[in-house]
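Colleague: Now for the letters of each chain:
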Amino acid sequence: MRLLNRSAGRLSRHRRGPLAGLAVVLLGLLLTGGLYTVFSPAQAGSAASSEEQIAQGRQLFLVSCSFCHGQNGEGMRTQEGDGDQTQLGPSLVGVGAAAVDFQVSTGRMPMARPGAQAPRKPETFSEDEVAALAAYVASLGPGPAIPDESDYSIDGLSDEERQQAITNGGQIFLTNCTACHNFEGSGGAMPRGGYAPQIRGVEPRFIYEALLTGPQNMPNFSNGNLSPDEKRDVIAYLGSLEDMPDYGGFGLGGLGPVPEGLAAWVLGIGSLVGAAVWIAAHTTRSTKKKVDA
Amino acid sequence: MDTTKVAKTNATTAATAQKPNRAGAVAGWADERLGLATAMKKNLRKVFPDHWSFMLGEIALWSFVVLLLTGVFLTLWFTPSMGEVQYNGSYDQLRGIHMSEAYASSLRLSFDVRGGLLMRQMHHWAAMLFVASMMVHLLRVWFTGAYRKPRELNWVIGCLLLILGTLEGFTGYSLPDDLLSGTGIRAADGFVKATPVVGTYMSFFMFGGEFPGESIIPRLYIVHVLLIPGLLLALIGAHMLLLVYHKHTQWPGPGRTEKNVVGFPMLPVYAAKAGGFFFIVFGVTALMGALLTINPVWKYGPYDPSKVTAGSQPDWYMGWPDGALRIMPGLETHIWGITISWNVMLPILILPVVMFTILLLLPFLDAWITGDKRDHHLLERPRNAPTRTALMVALMTMYGLFWIAGGNDIIAIKLHASINQITYFLRVAVFVGPVIAFVVTRRWCISLQRKDNDTLLHGYETGIIMRSAEGGYTERHLPLPASRAYSMAARDRDPVLDGHDVDEVDANGIPAPTGGRLAALRHRLRTVWYADNVQKPTPAELEEGHHHAEHEHELQAPVEGHAADGHQFDGHHLVEDEHLRSH
Numbered sequence: 000m001r002l003l004n005r006s007a008g009r010l011s012r013h014r015r016g017p018l019a020g021l022a023v024v025l026l027g028l029l030l031t032g033g034l035y036t037v038f039s040p041a042q043a044g045s046a047a048s049s050e051e052q053i054a055q056g057r058q059l060f061l062v063s064c065s066f067c068h069g070q071n072g073e074g075m076r077t078q079e080g081d082g083d084q085t086q087l088g089p090s091l092v093g094v095g096a097a098a099v100d101f102q103v104s105t106g107r108m109p110m111a112r113p114g115a116q117a118p119r120k121p122e123t124f125s126e127d128e129v130a131a132l133a134a135y136v137a138s139l140g141p142g143p144a145i146p147d148e149s150d151y152s153i154d155g156l157s158d159e160e161r162q163q164a165i166t167n168g169g170q171i172f173l174t175n176c177t178a179c180h181n182f183e184g185s186g187g188a189m190p191r192g193g194y195a196p197q198i199r200g201v202e203p204r205f206i207y208e209a210l211l212t213g214p215q216n217m218p219n220f221s222n223g224n225l226s227p228d229e230k231r232d233v234i235a236y237l238g239s240l241e242d243m244p245d246y247g248g249f250g251l252g253g254l255g256p257v258p259e260g261l262a263a264w265v266l267g268i269g270s271l272v273g274a275a276v277w278i279a280a281h282t283t284r285s286t287k288k289k290v291d292a
Numbered sequence: 000m001d002t003t004k005v006a007k008t009n010a011t012t013a014a015t016a017q018k019p020n021r022a023g024a025v026a027g028w029a030d031e032r033l034g035l036a037t038a039m040k041k042n043l044r045k046v047f048p049d050h051w052s053f054m055l056g057e058i059a060l061w062s063f064v065v066l067l068l069t070g071v072f073l074t075l076w077f078t079p080s081m082g083e084v085q086y087n088g089s090y091d092q093l094r095g096i097h098m099s100e101a102y103a104s105s106l107r108l109s110f111d112v113r114g115g116l117l118m119r120q121m122h123h124w125a126a127m128l129f130v131a132s133m134m135v136h137l138l139r140v141w142f143t144g145a146y147r148k149p150r151e152l153n154w155v156i157g158c159l160l161l162i163l164g165t166l167e168g169f170t171g172y173s174l175p176d177d178l179l180s181g182t183g184i185r186a187a188d189g190f191v192k193a194t195p196v197v198g199t200y201m202s203f204f205m206f207g208g209e210f211p212g213e214s215i216i217p218r219l220y221i222v223h224v225l226l227i228p229g230l231l232l233a234l235i236g237a238h239m240l241l242l243v244y245h246k247h248t249q250w251p252g253p254g255r256t257e258k259n260v261v262g263f264p265m266l267p268v269y270a271a272k273a274g275g276f277f278f279i280v281f282g283v284t285a286l287m288g289a290l291l292t293i294n295p296v297w298k299y300g301p302y303d304p305s306k307v308t309a310g311s312q313p314d315w316y317m318g319w320p321d322g323a324l325r326i327m328p329g330l331e332t333h334i335w336g337i338t339i340s341w342n343v344m345l346p347i348l349i350l351p352v353v354m355f356t357i358l359l360l361l362p363f364l365d366a367w368i369t370g371d372k373r374d375h376h377l378l379e380r381p382r383n384a385p386t387r388t389a390l391m392v393a394l395m396t397m398y399g400l401f402w403i404a405g406g407n408d409i410i411a412i413k414l415h416a417s418i419n420q421i422t423y424f425l426r427v428a429v430f431v432g433p434v435i436a437f438v439v440t441r442r443w444c445i446s447l448q449r450k451d452n453d454t455l456l457h458g459y460e461t462g463i464i465m466r467s468a469e470g471g472y473t474e475r476h477l478p479l480p481a482s483r484a485y486s487m488a489a490r491d492r493d494p495v496l497d498g499h500d501v502d503e504v505d506a507n508g509i510p511a512p513t514g515g516r517l518a519a520l521r522h523r524l525r526t527v528w529y530a531d532n533v534q535k536p537t538p539a540e541l542e543e544g545h546h547h548a549e550h551e552h553e554l555q556a557p558v559e560g561h562a563a564d565g566h567q568f569d570g571h572h573l574v575e576d577e578h579l580r581s582h
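Line by line, the protein sequences are chains A and B.
Quick note: the first sequence uses numbering that gives the first Met the number 0, first residue 0, plus one each step.
Quick note: the second sequence uses numbering that gives the first Met the number 0, first residue 0, plus one each step.
Bound conformation, chain A alone:
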């Protein structure tokens, strides 16, 4: 302690020296910079690698995406007009990294061909390549970033909060999502060959990104519309449906009364008519005992 006091005293003697101000500023700068490198998100790790990533993303973009989205992501219109119907690829300025991560990681982009809907298919890019593409598109204009797992996970919550989140999410889901995606997320039809895809068994990250960015026909649920907590709750509810046992037995695809009617006719009436044929085919045989006189 004495040693500390003594050295502090020695330092203190120079506090009004000509170089003292400069030394304090340097020290402060070093400390802030050091702290920033420790706590800042990994993505922004170093300015140099981020630039490299964007450059790599641009290369990938030019090869795989620019045909429809334009060489600078400005979008492309067909010659016939400039309405939405005739748009080949929308502008990607401001769609954000979340949109790229959703579209490319689920294999929806790049599209095999233009059509009513980009279907989910095996993805074409590795995780690093998706990240590079996302970084490039994010660099075109500000947009929603790729969500972190803490945004959509309920692991950190207490049991009671978790229960509350699931119940709340169920009500939000039934109000906002079931009209297109069906009551248990089995999907539904949209006009002209489009469809709301099945969202049972979809990774939480993609559901969160879809809510943020509103891909294809889906409306955009901005944070002002559905708060991040509410988005998390919807994902929690969908997860709870998957964890839940099938109380009623085989679910028939979770599509409502149409498959139920099909089952009633094919399995029910089919087997009962079969039984009727069987009963009618087995007629009685009377075995009369011979009675002796």
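Each hint should be verified, as a subset may be incorrect.
To be verified - Output of the computed footprint for chain B on chain A, the stretches with three or more beta carbons under 8 Å from beta carbons of chain B:
1) 51–62
2) 166–180
3) 184–193
4) 263–274
Claimed, not checked - Over 12 Å on every C-beta distance to chain A, these chain B residues come out as not near it, computed from the model:
5) Leu-324
6) Ser-340
7) Leu-524
8) Thr-526
Hint data in this document are derived by calculation from the structure and do not stem from the laboratory.
Virtual Cβ for every residue (Gly too), placed ideally from N, Cα, C.
Since the structure of chain A is already known, use the hints to place chain B on it.
Modeller: For chain B alone, kept in the frame of chain A given last:
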């Protein structure tokens, strides 16, 4: 001779019956007080003919019994009330949510009452099977001509049962007050409101105020558990009494005439068969209830007019008007400040009423066109009434196409089609499809009639190819067994259509049409009804056919000694003991 059962007697004392066994004693006790023996003597031995298609109505009867049994169980726990409560049961995802008592008690039945979910699912599956089996039964009755005099009224009762069963299903579908059933009631509200002028008044009357109000669930409940089941029971009773009174129809065959019924007695044969069939129906329903989810109300959540789910469909029996609604173009008329919603009124209010009226009137229409006023207890094969068969197939085609329209969204996502294109296709197909089905079925029936005649005249094809000495090839035909030939030929000849039923002749021998336009129309319809039908061969034709066959046999006589199915003549087999393959 067996004399053990004869009472012992001698000439001087009265005969004494043997002491009856225990069952006999009970029966005797009951008979002395209730007079059962007289009532039962005839009916216990009542004869029913045997054919699988006669048991289709039984499926409906037994599924109705299952409905009564499971339904009673459900009423013990269901609360038909729209009073708001907070759910605190064992289904996690909805705990704490406010909902109606009806929905809360449905959840309680599903999760907290032992066996409740099984009973709910059995009840729902049995309801689907009840209506489906009634329809299958109706088709059988139509295709075999069993609806003809004297059974027209039983057809009408059957049709009433069908529509009551449908209404009963709809009210039951609406009771749990989940999102799906609430959407159904909302749709029904819309249908009622589409009635011109009085629509809104009727809706207010139905709901006791603005939708949804507080009264609809209790009202539907009493309709579902008392009113319609009572009517159904009464009509089922009448249906079966008439069945006993008319006696069951039978297929023609040796010994089977319009005046008798050939079959087995009720006791013990049909008691065992029908009783056994009840357990099969119960078993199938129980299996489906245990293994297949139906109407998972917990996933739909409580009804809330601001919510809706994709795949909101009625149960299958309401699917066809729903389909008509889905493909109907959006026609509306605005007149004097009133909107007439043709887009809802035509497919939902008018079409089902028209179709149901046609269905009710079919037997009378048939009798009017054919002019047939005789009693019929022998059935007809569908091919022997081509126009009748084709008419029902056309109606079935229309029904099926409307059905497809009712599931257009599910078909679109499962078969990767565009819902718009399905709709456009069906808008045309519901009109063109039945016509195509009618023509194809009718020609198909007539071809089958022709084939029957060929078989009667020339025998059946044995598959044996004979080579004559000259090197010509013929297929060997053999005459049908007598009983089969009889059954095949036991049908009425169509009436001769020479126009005499329309045109009377006046005093000078000049044709003078009497019946007016209606009679002329009837004559035209009757001509179409029987047109191109093939008549069964006359006795002379049959005689000639047999002569021809005998002549052919003579020609084939050289190989007659080597009776065989043909393959034995490859030179590697002994053929002495071979017998010709019989039919």
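Colleague: All hints are to be evaluated individually against the structure, with a verdict given for each.
Modeller: Going down the list of hints, with the structure as the test:
With a threshold of 8 Å between beta carbons, the proposed coverage of the segment 51–62 of chain A by chain B is violated, since 0 of its residues qualify and at least three are required. With a threshold of 8 Å between beta carbons, the proposed coverage of the segment 166–180 of chain A by chain B holds, since 9 of its residues qualify and at least three are required. Only when three residues or more bring their CB closer than 8 Å to a CB of chain B does the claim for the segment 184–193 of chain A stand; here the count is 8, and the claim holds. Using a Cβ-Cβ cut-off of 8 Å, 9 residues of the segment 263–274 of chain A lie near chain B, which meets the minimum of three, so the contact claim holds.
Taking the minimum C-beta to C-beta distance to chain A, about 15 Å, the non-interface status of B:Leu-324 holds against the 12 Å cut. The beta carbon of B:Ser-340 sits about 22 Å from the closest Cβ of chain A, which is more than 12 Å, so the claim that it is off the interface holds. Every beta carbon of chain A lies more than 12 Å from that of B:Leu-524, the smallest distance being close to 34 Å; the non-interface claim holds. In this structure B:Thr-526 is separated from chain A by more than 12 Å, as the shortest Cβ-Cβ distance comes to about 37 Å.
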